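There are 2 protein chains.
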Amino acid sequence: MKATVYVTIKQNVLDPQGTAVQGALHSMGFDEVGKVRIGKYLELQLDTADRGEAETRLKAMCEKLLANTVIEDYRFELEG
Amino acid sequence: MKATVYVTIKQNVLDPQGTAVQGALHSMGFDEVGKVRIGKYLELQLDTADRGEAETRLKAMCEKLLANTVIEDYRFELEG
Chain G
19 MKATVYVTIK QNVLDPQGTA VQGALHSMGF DEVGKVRIGK YLELQLDTAD
69 RGEAETRLKA MCEKLLANTV IEDYRFELEG
Chain W
19 MKATVYVTIK QNVLDPQGTA VQGALHSMGF DEVGKVRIGK YLELQLDTAD
69 RGEAETRLKA MCEKLLANTV IEDYRFELEG
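Chain order of the listed sequences is G and W. Each residue of the first sequence is one higher than the one before, starting from 19 at the first, in this note's numbering. Each residue of the second sequence is one higher than the one before, starting from 19 at the first, in this note's numbering.
It should be emphasised that the hints constitute simulated quantities derived from the structure, not laboratory data. Remember, predicted model here, so these are calculated numbers, not experimental data. One should not assume that every hint holds.
[What the hints assert, rightly or not] A few chain G residues facing chain W, derived, Cβ under 7 Å:
| # | residue |
| --- | --- |
| 1 | Tyr24 |
| 2 | Ala42 |
| 3 | Arg55 |
| 4 | Tyr59 |
| 5 | Gln63 |
| 6 | Thr66 |
| 7 | Leu83 |
[What the hints assert, rightly or not] Computed list of lysine-lysine pairs in DSSO-like fashion (alpha-carbon distance at most 30 Å, straight line):
| # | chain 1 | residue 1 | chain 2 | residue 2 |
| --- | --- | --- | --- | --- |
| 8 | W | Lys28 | G | Lys20 |
| 9 | W | Lys53 | G | Lys58 |
| 10 | G | Lys58 | G | Lys77 |
| 11 | W | Lys28 | G | Lys58 |
Built from N, CA and C at the ideal position, the CB exists for glycine as well.
Produce the entire structure from the sequences given, and follow the hints as far as they go.
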């Protein structure tokens with residue numbers, strides 16, 4: 019089963035990396051660029067066939083390691 | 019218009035960050051985790067109404083700054 023995890027910074031938390039990218043794009047002439055937010059994108063191969071259990075385990079992985087839930091949100095998709 | 023950009027490491031390129039996360043998950047008891055690949059996820063607000071032009075400009079941003087096309091692939095979605 020393949021899992022795709024998206025980890026994003028919460029809306030009310032500053033994203034200095036996004037601000038830096040926005041500044042770089044402006045300096046390159048891409049003036050139409052407004053707010054930029056940067057997150058992580060993870061693809062995991064899971065050796066399990068039970069979708070319900072996979073969801074529970076994946077939630078635990080996100081809470082414990084993949085996302086810092088104080089400042090980040092996460093969501094995931096399962097396929098296969 | 020809102021753009022979402024996904025930057026992923028090409029399939030035949032090593033992903034040490036993914037390997038480290040895989041090792042960490044295994045050491046935490048998540049033994050079902052196979053290959054892990056880590057990429058970037060960007061959300062950009064674009065101040066333009068022309069979808070065609072937005073696509074062209076976004077492609078240029080990816081080629082020039084957002085992705086290192088030697089080792090990374092990118093794809094994007096536009097909405098609004």
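Here is what the structure says about each hint:
1. Tyr24: Hint on Tyr24(G): holds, closest Cβ of chain W at ~6 Å, below 7 Å.
2. Ala42: This hint holds: Ala42(G) lies near chain W, its Cβ roughly 6 Å from the closest one there, short of 7 Å.
3. Arg55: 5 Å, holds
4. Tyr59: Holds, because the Cβ-Cβ distance from Tyr59(G) to chain W comes to roughly 4 Å (cut-off 7 Å).
5. Gln63: 3 Å, holds
6. Thr66: With a minimum Cβ separation of about 5 Å from chain W (threshold 7 Å), the hint on Thr66(G) holds.
7. Leu83: Constraint on Leu83(G) satisfied, holds at 6 Å.
8. Lys28(W) <-> Lys20(G): It holds: about 17 Å lies between the C-alpha atoms, which stays within 30 Å.
9. Lys53(W) <-> Lys58(G): Roughly 16 Å between the alpha carbons, so the hint for Lys53(W) and Lys58(G) holds.
10. Lys58(G) <-> Lys77(G): 16 Å, holds
11. Lys28(W) <-> Lys58(G): The given pair, whose Cα atoms are some 16 Å apart, holds under the 30 Å limit.
Of the numbered hints given earlier, the model fails none.
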